[in-house]
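Visitor: In case you want the letters, here they are:
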Amino acid sequence: MTDKVAAVVVTYNRVDKLGKVLDSILAQTRSVDQLIVVDNASTDSTPQLLSVYDDDPRVEIVRLSTNTGGAGGFAAGMERAYERGADWVWIMDDDCYTTETALEKLLEGHAEAETELGRPVPYSCSLVRYTDGSICEMNNPGTTWDWGRLIAKGLNSVLITNCSFVSVLIPRRSIAKYGLPLVEYFIWFDDMEYTLRISAEGPGVQILDSVAVHDMPENRGVNFGDLNPGNAWKFYHGARNESSYRWHHDDKLAWVQFVVTTYAWMVRARVGRRLQLGVAKRILEGLKFDPKPKMARSVR
Amino acid sequence: MTRARQVFEIIDDGGSGLDGAEERLSPRELCLLAGALNYHSLVQPGREFRAVVLRGPNESFPRLTGDSCHRLEWPADRTVVCTVQVRSTLNGTAPDNAPLVPLVIDLGGEHPGGGTSYYSRAGLKAKVLRRARFGAPVAFDALRQGLTDYYEKRITSNRRPPRIARVESAAPLQGLAGEDRPPAIVFGLHWLEMGGAERWALESIALAKEAGFLPIVLTDRESSHPWIVRPELEGALVVPLDLPLPGTEEVDLLLALTREFSVRGIHVHHNGWLYHRLAWFKAMDPTIQVADSLHIIEWRTGGFVEVSIKLSNAIDVHHVISPQLRDYMVLQRDIPKERVALAPLYGLHEAAPVQQAKTENGRPFTVSFIGRLSQQKRPYLFLRYAHQLKRSAGNVRFIMHGDGALSDEATQLVSRYGLSDCVEFRRPPRAVDDTLTESDLLVISSDNEGLTLTTFEATAHDVAVLSTDVGSQASLVSSRALVPRQPLAFLKEAVSLTKEIMESEELREQIVQEQREKIESLKELPEARLWTKKLYEGWKA
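Chain order of the listed sequences is A and B.
Mind the numbering: the first sequence is residues 1 to 300 in my numbering, read in order.
Mind the numbering: the second sequence is residues 1 to 541 in my numbering, read in order.
Quick caveat, the hints were computed from the structure, so don't treat them as lab data.
Here the structure is a predicted model, which is why all the values come from computation and not from measurement.
Please note that the accuracy of each hint is not assured.
As the list claims (entries may be wrong) - Facing chain A, from chain B, some residues (calculated, C-beta under 7 angstroms):
id : residue
1  : 323
2  : 388
3  : 392
4  : 475
5  : 519
6  : 520
7  : 522
8  : 526
Each residue gets a CB set at the ideal place from its N, CA and C atoms; glycine is no exception.
For reference, chain B alone in the conformation it holds in the complex (with noise of 0.2 angstroms):
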């Protein structure tokens, strides 16, 4: 059974467990299910729905609601695995007597998550980059950040695209100020899976419900959202999209939701769509506030930051987690200073000193990699990082913490560069607070980021951190130990300076030390959790 809010009753349960019986269906399949049928209920408001609902192959993603969910036919290697009926509970103009709405919901399997990847797609282009990455990591990644440098310096901070125009004079609908439809906060996410900007995502949506608001939670990216059963989810009413939406029920679940819910605010996390419907909520009621929260400037594609600046007139106010993105929104893109607020996430995973554990004589100096097993990432740079400095340091141990897309890589690296001795791999839910009461160095060869957490947890543990100098590190890590991004610059100095830190505990001692008087600097700024309470206690006036 879910817990999400529904906007249907059910009629006949097909076994599927929406009712808390007998369970056909996993908790995950469960909320997917309930989400498709929350979207089917707005967008037919009032009407009765017979689905039948699919399970696919892992790999494949759900389909909910796409044309797909309209045509009665679907792939030879999807199984039935129950038909339900559900009843909209939504006040709709159905007549009485009109037919069932038949529909077929495909909850796919399950999905390591991360999307598509670009380079498992068809084609030959594909082929040809994936022979290229894969066959010479490092050196194609050269050739990336060389890119990324001529976009950075170039191209990204000099665009400028027409801005979308301030809504000025629309007035709010009439006939919709009915009090007993619930405040709401529309909340727009890439996907309901692992990730920086989704942990802060699910933290924002359980304030909203803690402030009294229902969390209306859309999503616009293909995945099997293995977050979907997350606690924070409990009681909001979840609509995971599949783009695009078919005939006209983009514009019926627009207005389902501002005639169904008395929507008070709109906290974007990442999602495209919804960015761009935002001057239409404005439009239709200028009194909802808009809000998002952005977290890297992605150089080469503009990312999420672009598209918030190009319709920045529809947004009240940008929050950012990094001084870096607070100066580029500012200062080189010029929106207005008050409706840019930086909170970072520094109170999201608060860890208390700890005691170092005693260094067992003799045991090697120990260097971490702790994050997704990435592109973004770049384990390949870590672990090539790892076979110069045991060529030229001797005696050291690598720990490589995560899982992710290229955790096959990770292992055939290892392999082919002779570390299987002095690298151990270890996976969550493995606490990484084990890796790093163990690590002596933690090593971030990132090619982007916002606020490393990692950097706050492992300050905490008196550990040194050696990172590539992107996004706002330089917020948080000593500027002894910023690297440059470029693969080859960044393998030359850090182990250059790893080697220095070996020699050196009070050098070692030195950067953290540094760590701790940065993060005491940042802790000075608003946080991002009290930040937000404040902004959805004024939305409720």
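With the rest of the complex left out, here is chain A (with noise of 0.2 angstroms):
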């Protein structure tokens, strides 16, 4: 029997993108089998964008009734989909746009990686590039010490040690076993600690011959030195996030270095000082922060 693919999209009042990151998924040369969009309670007409999918039976609309953030509807997502009894998760933000092979190389070089590895890979992410073709800064995964070791191999794809969730391929077997993203977390450093998580027993793989297309408003990676009073609810979940990863899941040295480089750039970037204050408190907030997986149910 052929396995169950089914894509998660976490949206929220997006809608001017939402309609081309869902085509692309439904254009898929290997077809999902279900489509699992999370509308984190929208408060534009993304309602009305997605009725237009309602004739098709793979499209599921899980409507949440508050913001429950990336953490929450991913989690929910996912949750649906393994309920539903997918044997992978695919899972993407809603300006996401996936190239057509990107979820059948996803699967061929998941396959291959395992093949070669002799041993589970926990999840594969595409490549993501910006829309002008060029990397995409924010979603570059972290890859480990022996990054080459399948390129050496003849592979075209790389070892890595965490990613952000876009175009993510989770196999039904890490969500068995880690569970579901944090919801706690809301938003912010909630996809690292999910991959670092569901990677105990050995690393990810990058799969350069999938692509996806993320579309930002800019291209640029994020840090500390970018904190602003309108920003800045963002950057004290993310102090919080990982800050509480660090102390309880890393290493006490890991905390320390995390602490020195937020201060670092916030300093380097001249930020003022009622926001250092407010990253601190939510840094010390993760010391006592430390949520728990849901564990997803079999129900079919």
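With the hints as a guide, bring the two chains together.
Guide: See the structure below:
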């Protein structure tokens, strides 16, 4: 029997790009068996747009009553996919256009990597480009020390330690063993935490000929030097979440390194004193904050 | 007279009823006696036996195959019922003038079933546990569930015991190819008494007969085997074993089975003894196909699932009845996906949609408990829930439908909680349908389950189900009506949800509707009966 693949897209007030994202998923050369769209309580015309897909039996809309952030949205979508019996869950943001062979290449590359490595691979992700074809600065995965091991064997893939939730293929096994993303993180570092967590038995892979395009306003990565009163809420979540992860699940030295780097970024970029104190408060909050993952239920 | 297959001929019936004449033995006792004589005829082929048949007091178990069969004395509380003489019809090496083999077959007495409870054992430890268990059942259960949580999260799923190596190069035994041997399937069961696994085992035995196989039914747990008289066992070779088997009798039995019958397959339901001999069967004849049926994960002990995983390399296919078990086997314990077959048991007791009896005006909201009154089902927790609900919700009625080892405790708790006026006890053989027709809500308080057949039946009767979130109940029960297994959290959430359901018929209907949808979705999976039929067809070749 062929494996079932469920794509999961989490959306919030991005009606202008969402249609193109969904169409790119439904037009894959290896078609998805299900497309679960998690509407994080959008307040724009997202529901009207989604009603266009009512006739497609592959599409299921999960409308949440409140905005649960990317973490909550991905957890809800992955849980639904797992409960529907998906063998693979392919997750991405609502501004990520997949090229037509992205899924096919991911599945092929994942299988080849498992054969070559002789162990289950916890996840695989696509190469993420910006709209102009260049590498997307925000979605570069972390690589392992032996990142070229599979390339040396003739495979077009790289060993990675973590990645962001932009075209990531997760086998059912990883969800069964390690659960769902941490809803409590709300936003920021939920993807890092999750991909690190499910890599307990070995790293994931980036499949270089599976390509997705991330349509962001500008092509740049983010760091704590970009903190300003308008985006502080997001950085505060990031500070708490990463502090929590480093303190409770990494080593204490990594936590110290995180704190020092964060302050170095803020000092260098002359971030205001009040915002710096806000970050410090969230970092301390992270020492007590240690949510536990929810496990998915087998329903069918 | 027993209709089970016999591998002996009767020389002197001794008035037992074996030959169909006058019967001193009950049908159950006759089947037990035939089972014992089958065993001895297999391990000593061609020999003639003279067996003293004993009956024990109630609650004593039969002794059909152990050392005691060869000891010519017995306890004072046994009475001699008759003496029978039979000859094994199997070809053996016994010389013509071989002496009679004396046997003592103790048929035991009537027993309510369920084996020996841990709490009814002798000794100080059991006494202390018994006091704690029956003195404060809910508090004791909270500790038990805490332990289960620990095992579920930390121990069981991380177990990595060494697995038996695959049998690679064995060739079938030479000289056994005779086509005149009857094709057979060996079935391994815990015992022959009421239980979900046993119910399914008997169904599969009937399927084997339909497919033209002789079922050889082995059990390995002490029991009075009340189901040994079931019609599914007619024509089957039934051998209830009492372990350990003396001397070389185990080898003699296994060799006799492979010599006398063309064993095409082995289907283990719940039988630890047979599980551990699967590799031997495979080594003797790799063409023998092996399947097992698994029902629930027992987190604290590992149970049969753990045994099955350890011996997985000697098993061709694991039949699992729930999505949870499939995922556990494949994703958590790395059994190859192609060797795990999910085929739920929903087809066994297919209930046609039933028109719900019109609610009588003023009839109180009715909550039911249906199932064995056993530790697994936690009737004491249901009664505590009933007590709390009655106090806070008023006009409500409860029906407890079932029987079992905890019947006395349930009766005492009803008095203790002052529920005598609102709890009605119903016992088999009264039909479950009667209870469901009068019910609004079925509560499943079990601490472990696979897929509960009562949920299928309740849905057909338009009854909402509130269940602990255990096993694969999530595959059947509305996500809104799943409550925690831990007793205190169960009581809080179950009482609160029941009150909401009592106030809103719309909510109750939504819950039933979700049950219907989940059952429909589950029915897309292969059904156990059809899957097994196909499996046995494949074993004919």
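Visitor: Can you name, in rising order, the numbers of the hints this structure does not satisfy?
Guide: Checked against the structure, the hints that fail are numbers 2, 3, 5, 6, 8, while the rest are satisfied.
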